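Number of protein chains: 2
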Amino acid sequence: MTENYTTNENKQLELLTDLYEFTMAQAYFQSEMFAPATFSLFIRDYPPNRGYFISAGLESVLDYLEQVHYTEDDLDYLASTGLFSDDFLHFLGNLRFSGDVHAIPEGRLFFKDEPIVEVTAPIIEGQLMESFVINAINLQVTLATKVSRCVHAARGRNVVDFSLRRTQGIDAGLKLARAGYIAGLAGTSNVLAGKIYRIPVSGTMAHSFITSFKEETDAFRAYAAAFGDETVLLIDTYDTVTGAEKAIEVAREMRQNGRRLKGVRLDSGDMTQLSKQVRKLMDEAGFADVKIFVSGGFDEFKISDSLANGAAIDAFGVGTKMGVSADSPYTDIAYKLVQYDGRPVLKLSSGKKTLVAEKQVFRIKDHRRLVNDIISVRDDEAEGEILLKPVMKDGRRLQPPEALTDIRQRFEGEFSRLGDDVKAIENPAEFMVEISPELEKLQDKVVHRVIEKELGES
Amino acid sequence: MTENYTTNENKQLELLTDLYEFTMAQAYFQSEMFAPATFSLFIRDYPPNRGYFISAGLESVLDYLEQVHYTEDDLDYLASTGLFSDDFLHFLGNLRFSGDVHAIPEGRLFFKDEPIVEVTAPIIEGQLMESFVINAINLQVTLATKVSRCVHAARGRNVVDFSLRRTQGIDAGLKLARAGYIAGLAGTSNVLAGKIYRIPVSGTMAHSFITSFKEETDAFRAYAAAFGDETVLLIDTYDTVTGAEKAIEVAREMRQNGRRLKGVRLDSGDMTQLSKQVRKLMDEAGFADVKIFVSGGFDEFKISDSLANGAAIDAFGVGTKMGVSADSPYTDIAYKLVQYDGRPVLKLSSGKKTLVAEKQVFRIKDHRRLVNDIISVRDDEAEGEILLKPVMKDGRRLQPPEALTDIRQRFEGEFSRLGDDVKAIENPAEFMVEISPELEKLQDKVVHRVIEKELGES
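So the sequence lines, in the order shown, correspond to chains A and B.
Residue 40 is where the first sequence starts when you use my numbering, and the numbers rise one by one after that.
Residue 40 is where the second sequence starts when you use my numbering, and the numbers rise one by one after that.
Hints should not be assumed to be uniformly reliable.
Once the Cα atoms are required to be at most 27 Å apart in a straight line, the calculated BS3-like pairs of lysine-lysine come out as [claimed, not checked]:
{"#": "1", "chain 1": "B", "residue 1": "Lys253", "chain 2": "A", "residue 2": "Lys492"}
{"#": "2", "chain 1": "B", "residue 1": "Lys392", "chain 2": "A", "residue 2": "Lys315"}
{"#": "3", "chain 1": "B", "residue 1": "Lys392", "chain 2": "A", "residue 2": "Lys341"}
{"#": "4", "chain 1": "B", "residue 1": "Lys480", "chain 2": "A", "residue 2": "Lys253"}
{"#": "5", "chain 1": "A", "residue 1": "Lys480", "chain 2": "B", "residue 2": "Lys253"}
{"#": "6", "chain 1": "B", "residue 1": "Lys253", "chain 2": "A", "residue 2": "Lys253"}
{"#": "7", "chain 1": "B", "residue 1": "Lys480", "chain 2": "A", "residue 2": "Lys319"}
{"#": "8", "chain 1": "A", "residue 1": "Lys315", "chain 2": "B", "residue 2": "Lys492"}
{"#": "9", "chain 1": "A", "residue 1": "Lys492", "chain 2": "B", "residue 2": "Lys315"}
{"#": "10", "chain 1": "A", "residue 1": "Lys253", "chain 2": "B", "residue 2": "Lys319"}
{"#": "11", "chain 1": "A", "residue 1": "Lys392", "chain 2": "B", "residue 2": "Lys341"}
{"#": "12", "chain 1": "A", "residue 1": "Lys253", "chain 2": "B", "residue 2": "Lys484"}
{"#": "13", "chain 1": "A", "residue 1": "Lys392", "chain 2": "B", "residue 2": "Lys315"}
{"#": "14", "chain 1": "A", "residue 1": "Lys392", "chain 2": "A", "residue 2": "Lys428"}
{"#": "15", "chain 1": "A", "residue 1": "Lys492", "chain 2": "B", "residue 2": "Lys341"}
{"#": "16", "chain 1": "B", "residue 1": "Lys301", "chain 2": "A", "residue 2": "Lys151"}
Please keep in mind that the hints were generated in silico from the structure rather than gathered at the bench.
These numbers come from a predicted model, not from an experiment.
Could you put together the complete structure from these sequences and hints?
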């Protein structure tokens with residue numbers, strides 16, 4: 040059985056794609072279409088209350104593109120569908136990704152309509168990569184952006200990822216921690232993510248720990264005996280205020296033994312009100328240094344409300360709602376063919392716009408902040424910082440993987456220069472993104488050509 | 040690099056857990072607490088518009104429990120956190136899951152507060168499994184339940200999974216197809232899921248295929264040449280009605296060659312209206328047998344609306360909103376200690392109820408439909424069908440994995456006996472779930488004992 044099969048370091052994911060990628064590939068093959076094509080990945084619109092996105096997930100994509108190939112077992116499975124010819128399957132068996140990739144590095148901000156990744160490769164190769172590229176980037180962009188909102192709302196207090204138990208599966212649990220660390224998480228409860236990505240891990244106890252002891256105070260003492268100065272006590276199992284009083288009792292015992300209680304955690308009830316009560320109890324008992332951690336249903340909105348109401352909270356454990364990006368669990372991301380055999384192309388389907396051709400994004404900044412972006416054709420020599428960098432050439436990466444801490448610093452630096460109005464967690468302002476005159480002109484030309492040819496209008 | 044590392048058939052996921060499972064384990068270890076504990080997994084409440092859940096994900100859990108163990112590499116990592124003693128890590132290195140599991144088989148309906156899985160094991164073992172058990176069951180229950188709503192709304196028309204590109208990661212993409220197949224999907228676009236789980240796969244072409252050709256009709260011809268009677272043409276790239284006319288042209292050419300066009304797909308615009316127009320064009324041209332497939336933003340609500348408005352749709356490709364269960368991307372699922380060393384336990388945290396002790400669910404049916412459920416203590420000899428079955432004993436499964444088709448049939452049979460009011464996709468009625476007098480009495484006794492002991496009240 041392979042019930043929890045998902046991936047072994049990208050080595051067995053070549054079939055993790057939509058069947059139509061293979062059917063199209065066979066039709067291209069039979070039509071002898073092997074010319075280079077450029078596919079552009081972008082997000083069509085902002086989800087509710089979003090004014091920016093964080094680039095994340097590129098490392099997964101590059102890792103995949105370098106490794107992808109079809110095994111005998113894969114070809115046997117495809118043959119079993121009865122859809123594919125022997126000569127096409129033979130061709131597929133020899134296929135490796137040989138294309139070029141331009142991309143916005145991880146940790147940078149980007150905005151709607153901007154190309155995040157552009158893949159230029161023989162059309163079959165570019166087509167076959169579609170499903171994985173979209174999935175990987177969509178996941179980490181969605182999660183990084185959500186986490187950054189929680190971190191921003193916490194105004195300098197630590198936000199720790201507690202989401203593993205309710206993320207949508209294993210991959211999401213790991214990637215939440217990775218993408219979230221880029222976006223400012225202080226750490227994660229996810230031990231495997233901590234190990235793989237070298238992210239700080241944290242955690243103390245659950246209610247089950249408390250209830251397994253005959254008395255709450257016994258549980259507190261047992262934990263303190265095992266962890267000393269690292270002890271954070273969960274105090275809401277029976278009643279938060281009573282729990283705080285018992286924690287103070289244990290803190291006094293610890294002090295007599297030369298130890299200090301690090302903190303208490305609240306996980307239910309009106310945490311704004313309770314945090315103030317507990318703070319007062321702690322302070323009055325001479326434990327002003329004991330921190331108050333909270334968890335239980337937090338997201339950027341609840342964090343923001345609690346702080347606006349004067350909650351005495353030192354750090355947030357944020358779980359489910361952040362882990363699934365509950366208010367906006369996906370983005371309107373698309374991977375579209377924008378050029379084939381040197382010819383810029385687009386679709387006209389109602390309500391969905393695609394910018395043609397190979398593109399570049401130019402970022403205009405003054406000394407303090409980001410001013411606006413300009414989307415143009417790739418070889419434009421406009422002013423501004425170039426966002427899309429060459430990251431893969433002829434199927435080989437141009438740089439080794441980046442350290443996650445470097446990506447995190449890049450994000451931190453750029454986010455500090457984004458206007459507060461764009462960062463607002465409700466009704467953010469829209470960052471200015473312009474289309475260059477060159478791209479606008481080309482776009483118009485292609486639209487007119489298509490309308491004339493396909494719809495018989497002029 | 041191990042960027043897309045998630046799992047190799049559950050063999051490297053023992054650290055996919057929250058750090059506090061290990062810190063609690065060490066505290067139990069140091070307190071010499073090795074007695075058996077029972078943990079109960081249940082969902083506390085219905086998400087909006089949900090009146091039932093489908094049991095799914097148990098296979099992942101059993102697979103995990105049979106394999107989980109800690110390698111030298113794991114122990115080295117845990118040691119590097121500075122939190123764990125050598126004797127505890129040594130103990131962990133020898134640990135295997137040796138407990139018993141009772142569970143509701145996959146494919147059955149269950150309701151809020153009902154235990155889905157109960158794990159009885161030495162407390163450290165039961166505790167360490169928490170994060171994985173919750174994650175695996177939450178994911179597949181959430182997705183199976185969402186898919187069943189889409190299938191129910193489609194009133195007998197096929198629903199095919201198109202969600203891979205926007206599921207929250209790789210694991211979610213695979214499990215959507217698996218859990219969704221239990222819940223009635225006709226098939227999936229996800230090739231790897233098709234291969235692993237033996238689910239029918241389907242798919243034809245994207246807009247990129249159309250735009251890569253100089254003319255839309257050329258693209259249609261090329262696809263028809265490659266796939267003959269399996270051809271479904273995507274007709275909305277430039278304009279749906281014009282696209283339908285071109286499809287009719289190609290269908291006529293196919294007919295002359297002894298072939299028939301299988302269908303057309305619409306992916307944008309007002310698909311209720313457009314489907315009627317396209318149906319009329321096809322019928323008038325003598326192609327009444329050409330099917331109309333639709334995709335693009337469908338979920339149970341949009342499916343239901345389109346059919347209520349007389350859309351001429353034969354099958355639905357359903358993607359993102361189903362794939363992430365967009366209207367309800369998680370459940371309020373919990374894994375709680377309910378008994379330790381023979382003593383029933385609970386927490387009192389405000390607003391969160393846990394039913395104590397080892398339990399059983401009894402299902403009362405008449406000859407046509409499900410009447411009500413009764414939650415009781417495990418050894419109650421109440422009337423009704425027993426839902427929780429023994430599935431693992433001393434760490435070994437009691438039955439081999441079930442065939443997915445058997446689980447699907449079980450679901451189909453039971454769902455057909457659930458009242459339409461409970462299945463309603465908006466404002467469903469609540470299915471009656473009672474607590475037995477025995478459990479009620481025990482629960483009261485434990486609550487009183489806890490209040491007296493922990494809060495000093497009587």
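Verification of the hints:
1. B:Lys253 to A:Lys492: Holds, because 9 Å separates the two Cα atoms, which is no more than 27 Å.
2. B:Lys392 to A:Lys315: It holds: about 25 Å lies between the C-alpha atoms, which stays within 27 Å.
3. B:Lys392 to A:Lys341: Measuring from Cα to Cα gives roughly 22 Å; hence the hint holds.
4. B:Lys480 to A:Lys253: 20 Å, holds
5. A:Lys480 to B:Lys253: 20 Å, holds
6. B:Lys253 to A:Lys253: 77 Å, violated
7. B:Lys480 to A:Lys319: Violated. B:Lys480 to A:Lys319 sits at ~39 Å, over the 27 Å cutoff.
8. A:Lys315 to B:Lys492: 26 Å, holds
9. A:Lys492 to B:Lys315: 26 Å, holds
10. A:Lys253 to B:Lys319: Not OK: A:Lys253 and B:Lys319 at ~74 Å, beyond 27 Å, violated.
11. A:Lys392 to B:Lys341: 23 Å, holds
12. A:Lys253 to B:Lys484: 15 Å, holds
13. A:Lys392 to B:Lys315: 25 Å, holds
14. A:Lys392 to A:Lys428: Roughly 24 Å between the alpha carbons, so the hint for A:Lys392 and A:Lys428 holds.
15. A:Lys492 to B:Lys341: 33 Å, violated
16. B:Lys301 to A:Lys151: 37 Å, violated
Hints 6, 7, 10, 15, 16 from the earlier list are contradicted by this structure; the remaining hints agree with it.
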